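Participant: Just so you know, the protein sequences line up as chains E and D, in that order.
For the first sequence, this note's numbering begins at 210 and goes up steadily by one.
For the second sequence, this note's numbering begins at 210 and goes up steadily by one.
No wet-lab data here; the hints were simulated from the structure.
From a predicted model like this one, the values you see are computed outputs, not experimental measurements.
Misleading hints may appear alongside valid ones.
Because identical chains share one entry, a pair is satisfied inside a single copy or across any pair of copies.
In silico lysine-lysine, BS3-like type, Cα no more than 30 Å apart, as pairs [as the list claims (entries may be wrong)]:
{"no.": "1", "residue 1": "242", "residue 2": "296"}
{"no.": "2", "residue 1": "380", "residue 2": "236"}
{"no.": "3", "residue 1": "334", "residue 2": "295"}
{"no.": "4", "residue 1": "295", "residue 2": "242"}
{"no.": "5", "residue 1": "434", "residue 2": "262"}
{"no.": "6", "residue 1": "566", "residue 2": "296"}
{"no.": "7", "residue 1": "242", "residue 2": "380"}
{"no.": "8", "residue 1": "296", "residue 2": "263"}
{"no.": "9", "residue 1": "334", "residue 2": "233"}
{"no.": "10", "residue 1": "295", "residue 2": "515"}
{"no.": "11", "residue 1": "380", "residue 2": "295"}
{"no.": "12", "residue 1": "296", "residue 2": "225"}
{"no.": "13", "residue 1": "434", "residue 2": "515"}
{"no.": "14", "residue 1": "233", "residue 2": "560"}
{"no.": "15", "residue 1": "380", "residue 2": "560"}
{"no.": "16", "residue 1": "225", "residue 2": "334"}
{"no.": "17", "residue 1": "332", "residue 2": "295"}
{"no.": "18", "residue 1": "363", "residue 2": "594"}
{"no.": "19", "residue 1": "380", "residue 2": "566"}
{"no.": "20", "residue 1": "225", "residue 2": "515"}
{"no.": "21", "residue 1": "434", "residue 2": "225"}
{"no.": "22", "residue 1": "597", "residue 2": "334"}
{"no.": "23", "residue 1": "380", "residue 2": "334"}
{"no.": "24", "residue 1": "233", "residue 2": "434"}
There are 2 protein chains.
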Amino acid sequence: MDNFEFYSPTCFVFGKDTENQTGKYIKRFNGSKVLIHYGGGSVVRSGLLDRVKKSLDLEGIAYVELGGVQPNPRSGLVYEGIELCKKEDVDFVLAVGGGSSIDSAKAIAAGVVYEGDFWDFYKGKRIEEALSVGTVLTIAAAGSEGSPDSVITKEEGMIKRGASGDAIRPKFSILNPSLTTTLPAYQSACGITDIMAHLYERYLTNTEEVEVTDRLIEALLLTMKHEGPRVIEDPNNYEARANIMWAGTMAHNNSCGVGRSQDWNSHNIEHELSALYDCAHGAGLAVTMPAVFTYVLNHNIMRFAKVAVRVWGCQMDFEHPEVTAKEGIEAFRNYLISIGMPRNFAELGAKEEDIPKLVEILCRGDGREGSISGFVTLNEDDCTKIYKMMI
Amino acid sequence: MDNFEFYSPTCFVFGKDTENQTGKYIKRFNGSKVLIHYGGGSVVRSGLLDRVKKSLDLEGIAYVELGGVQPNPRSGLVYEGIELCKKEDVDFVLAVGGGSSIDSAKAIAAGVVYEGDFWDFYKGKRIEEALSVGTVLTIAAAGSEGSPDSVITKEEGMIKRGASGDAIRPKFSILNPSLTTTLPAYQSACGITDIMAHLYERYLTNTEEVEVTDRLIEALLLTMKHEGPRVIEDPNNYEARANIMWAGTMAHNNSCGVGRSQDWNSHNIEHELSALYDCAHGAGLAVTMPAVFTYVLNHNIMRFAKVAVRVWGCQMDFEHPEVTAKEGIEAFRNYLISIGMPRNFAELGAKEEDIPKLVEILCRGDGREGSISGFVTLNEDDCTKIYKMMI
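Could you put the whole structure together from the sequences, leaning on the hints where they help?
Facilitator: Here it is in structure tokens:
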């Protein structure tokens, strides 16, 4: 196991009606002037935004609002948020929504206290300082409610990149599974896929003998395998929603990923798809992961055989472990299709003729020099082949 | 799933040579005058205490020392530590050792800022305020390095009780698996047993449909099943030690225990044994758990069958699930014996004739009124029968 520091000081407030405590938690974490940051209509229509505001009013906490976060959140709104916070002396950024709203809130929080262009962080500069962030989560997916990460798309060139730093870990996150029962099945399935991707990206390690984190990842994958179809079948199944929500948070707060190298190339390869076509990140991952896994399979057949047996219930073929390894990938692919995810470029709305452009941005965009590193280092040729497998 | 708040802001610093960073972390968490609290000879002999002091010296941090913590730490030394901290204006308590040193340090940290008798907390009063605590861990066992809990024995009547409160969660914990390689096999096995008890106590729940935490607990039990015999066979196996150490911390920081009722009656029943006979807590648990589990089996046969199948690899007997459930308890018992744990009162040094006294303290001691509650509420008659099963 590699040396590591694990510091996850987010206070998770989980369960029914917990959004009514938002104001109390902002107070506990010393917020006095808040930017409430959210996306579009659903948090307004559902009455959630009003309930959150009421809880702030009850504590006498002042706030300003900035809505309009899009899926695959854009740098333009981040700049707008930074200006607003400076003008209004905001000291706490509250995201109400999913990963997009949270990631946008984190970018604003980091940008407000930074003299340069906030995009520097998305070109690789570590975030060391930020306003406090809190979240009220409305979809189990990105894990951003418990992570030090944020992903933003720069409009110029549609480049999608991530930034990181403990300073943007939320001080608290309100997790009410009931808020996710109104999600369309497709969005729920995208969230499920994203959570499972966070687990697979950690599972694909080059560190040996990390049984404890292997087992924890498998535990969360098994949970998703069991609970995913239950929420697709019955969106109002609170218990299934609750199990998925905690699994999603634990999948990405890194308690199951410490002390081991991780992959993140499926995420990297997908990011160009959702940046260019504005498809859902989870849907893009559903098409990307089976292709990437198949491409890198030979790098460590036993690792893929392990997840096939332990998670997907495949029988180990001791004479031909690669058969088992492939069965596991196929089982995962079939699972994703069964919950309604796309299987190829066509179903995703992506185009074969864009592949050179995708590879160019992926391998040569901000801060990259011809390849992406992870479980296996992939160069432009590798990435071209992988995108072609997705057609 | 039940509503819950999960807040685990301990910074875990894991890996080789990390004890040399102790001073740096005390500084990060605002300590300026430290009480270094430890047990007996091993941390002195091994040179660990000197390395820790050197790291404080390098940061210019002043300290006083209080050694002499015994296994099953006593209230007498806690009072002494409280007086010393007051006299010396200590603002940070650093435990160097195992669960006993850490629990004693937590009691001191809470007692210093409390006007009444610190034992009030061990009679049920919640700890709301305390000096900051940090730890350098030398045995994977109690999980106290990441928990809000402390267990102390009051000399008068030899009553062993626990106290709790987020204020005594360590600010940081240094976890270097190398420090555990010099432990005698028996102590290692006691630690393994304690960790598995923390998992079983959470597994035995009356909350339904908590798949995510069931799976996380099973993941950690499977890790212990795999790694335990590896450290007994080869004490210098760093990787096995590392897997156990992280499993031990995750087993007890409650990330796998949230949103569900828990048991803790095996701990309660054992505490009277280690209080009276001064046996190792883990050894006491090894004798206690199989008896308790067998006694409460019929309360939820399927729960015991589940752990039998998923962790111990038993075949499910679909016509007679109680057979599978019992096989799981037997497999666990055999595992404990295989790593060198005692199997009964005689091997533990406990005496049948003391049972009435044990039951009296257990069910009528400080704050109890004739029974202990958990997975199943157990009255004096139940507890008598359970102790008798352990003869």
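Participant: Could you tell me which of the hints above the structure violates, numbers in ascending order?
Facilitator: Failing hints, ascending: 5, 6, 10, 12, 14, 15, 19, 22, 24.
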